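Just so you know, the sequences run in chain order A, B and C.
Quick note on numbering: the first sequence equals residues 1 to 143 in full-length UniProt numbering.
Quick note on numbering: the second sequence equals residues 1 to 83 in full-length UniProt numbering.
Quick note on numbering: the third sequence equals residues 1 to 114 in full-length UniProt numbering.
Hints are not guaranteed to be accurate.
To be verified - Dumping the calculated SDA-like pairs for lysine to any residue here, alpha-carbon to alpha-carbon at most 25 angstroms:
(1) C:Lys99 / B:Met67
(2) B:Lys74 / B:Val7
(3) B:Lys74 / B:Val59
(4) C:Lys51 / B:Val7
(5) C:Lys51 / C:Asp105
(6) C:Lys51 / A:Trp4
(7) B:Lys74 / C:Asp105
(8) C:Lys51 / A:Ala71
(9) B:Lys74 / A:Ala71
(10) C:Lys99 / C:Lys51
(11) C:Lys51 / A:Asp60
Claimed, not checked - Some chain A residues judged to face chain B by a derived CB distance under 7 angstroms, without partners named:
(12) Val12
(13) Ala13
(14) Leu49
(15) Tyr58
(16) Val75
What the hints contain is simulated information worked out from the structure, not anything from laboratory work.
Note that the structure is predicted; figures quoted are calculated from it, not measured.
Backbone N, C-alpha and C define an ideal beta-carbon position, used for all residues, glycine too.
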Amino acid sequence: MNWWLAAACALVAGGLGPCLWGAARGTAGRRVVAQNMATLLLCLVFLLLAQGYGRPSYVDLALVVAVLGPAGTLVFTRLLGDEMEARPPGARLLTPAVLVGAPATVVPMCVATGPGRASVKLVFTGVLLIAGGAVTSRAVRRG
Amino acid sequence: MDDAVVVAALVLVAAAATAAVLQRDPARQAIVLSLLGLSLAALFTVLQAPDVGLAQLAVGSAVTPLMILLTVRKVRQRKGRPK
Amino acid sequence: MSLLPYLIAGWIFLAGIHGMATSRNLIHAVGCLAVTQSSTYVLLLSVGYRKGATAPVFADAPTSATVVDPVVQALALTDVVVGATVTALLLALVVQTAKRHGTVDPDELSGLKG
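Please put together the full structure from these sequences, using the hints given.
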């Protein structure tokens with residue numbers, strides 16, 4: 001058990017757990033915000049698991065979540081848009097979470113991996129994550 | 001101590017499944033099902049099955065909730081009953 | 001710990017069945033069916049799991065590494081895709097039921113109307 005796996009475990013228990021709580025109760029806006037936060041945290045979990053298990057191929061999962069997660073959130077904002085309020089609770093947390101979490105995970109991993117194609121893939125995943133987070137937090141706030 | 005991650009993922013999946021079942025409104029249930037799909041993908045990765053995790057991500061996080069929401073919309077149009 | 005995955009799979013299965021049995025909305029019942037199907041994925045992958053082993057993907061692992069069982073992973077993969085297809089077909093049936101009978105409450109759809 002190394003630090004990467006411990007961090008992944010902490011993110012699963014302390015991050016995805018409260019996201020599930022937020023998605024199971026409350027208004028429609030809060031639920032969609034919780035779903036978006038869950039996709040962001042899941043991408044970080046996959047990156048940490050890839051480093052913790054020493055399997056660089058698991059980064060592909062993070063890449064797929066970075067693309068499909070915001071797509072799912074946009075589906076929800078499109079189809080549940082009229083039931084969501086204008087400024088859902090917790091929407092303020094989305095942008096700081098992605099702007100802090102993505103570099104905090106990608107930079108140590110790039111340092112641990114060393115220069116090369118793997119690092120480029122990690123940086124690309126981080127950029128996709130931040131871009132997806134920007135698009136969805138605007139979509140969620142507009143209701 | 002790899003077990004801790006497996007146990008955390010298993011408990012998260014069980015909690016998500018329970019929440020999805022207890023959620024009576026289908027539109028809200030779609031959001032919880034999306035979260036269940038994400039938790040299952042995490043569990044599959046932790047159980048060393050990343051290819052199954054990829055399939056689950058593609059299916060469970062966007063496609064199934066989309067289908068359910070579209071069905072809700074279609075049924076609501078027919079009945080004309082506000083929910 | 002070795003018993004926990006099977007207990008969790010059993011719990012998810014029972015929760016899904018309970019949801020289907022007590023459902024008042026056919027769309028909710030289809031969602032509960034999806035939950036029940038996910039218990040089979042958990043069961044299959046727990047059967048194949050081996051402590052200390054890694055994924056049976058040899059692009060970035062040596063061929064001599066200990067891996068988990070790949071056969072159950074193939075079964076689970078098929079299961080996931082078939083589950084999505086079944087969900088799609090059932091939702092289409094629900095739309096047809098709403099069109100013909102005007103309701104999606106299973107308690108109101110009791111009789112077989114000939």
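Each hint, compared with the structure:
no.: 1; hint: C:Lys99 / B:Met67; verdict: holds (17 angstroms)
no.: 2; hint: B:Lys74 / B:Val7; verdict: violated (40 angstroms)
no.: 3; hint: B:Lys74 / B:Val59; verdict: holds (21 angstroms)
no.: 4; hint: C:Lys51 / B:Val7; verdict: holds (13 angstroms)
no.: 5; hint: C:Lys51 / C:Asp105; verdict: violated (46 angstroms)
no.: 6; hint: C:Lys51 / A:Trp4; verdict: holds (18 angstroms)
no.: 7; hint: B:Lys74 / C:Asp105; verdict: holds (15 angstroms)
no.: 8; hint: C:Lys51 / A:Ala71; verdict: violated (35 angstroms)
no.: 9; hint: B:Lys74 / A:Ala71; verdict: holds (21 angstroms)
no.: 10; hint: C:Lys99 / C:Lys51; verdict: violated (51 angstroms)
no.: 11; hint: C:Lys51 / A:Asp60; verdict: holds (23 angstroms)
no.: 12; hint: Val12; verdict: holds (5 angstroms)
no.: 13; hint: Ala13; verdict: holds (5 angstroms)
no.: 14; hint: Leu49; verdict: holds (6 angstroms)
no.: 15; hint: Tyr58; verdict: holds (6 angstroms)
no.: 16; hint: Val75; verdict: holds (5 angstroms)
Checked against the numbered hints above, the structure violates hints 2, 5, 8 and 10; every other hint is satisfied.
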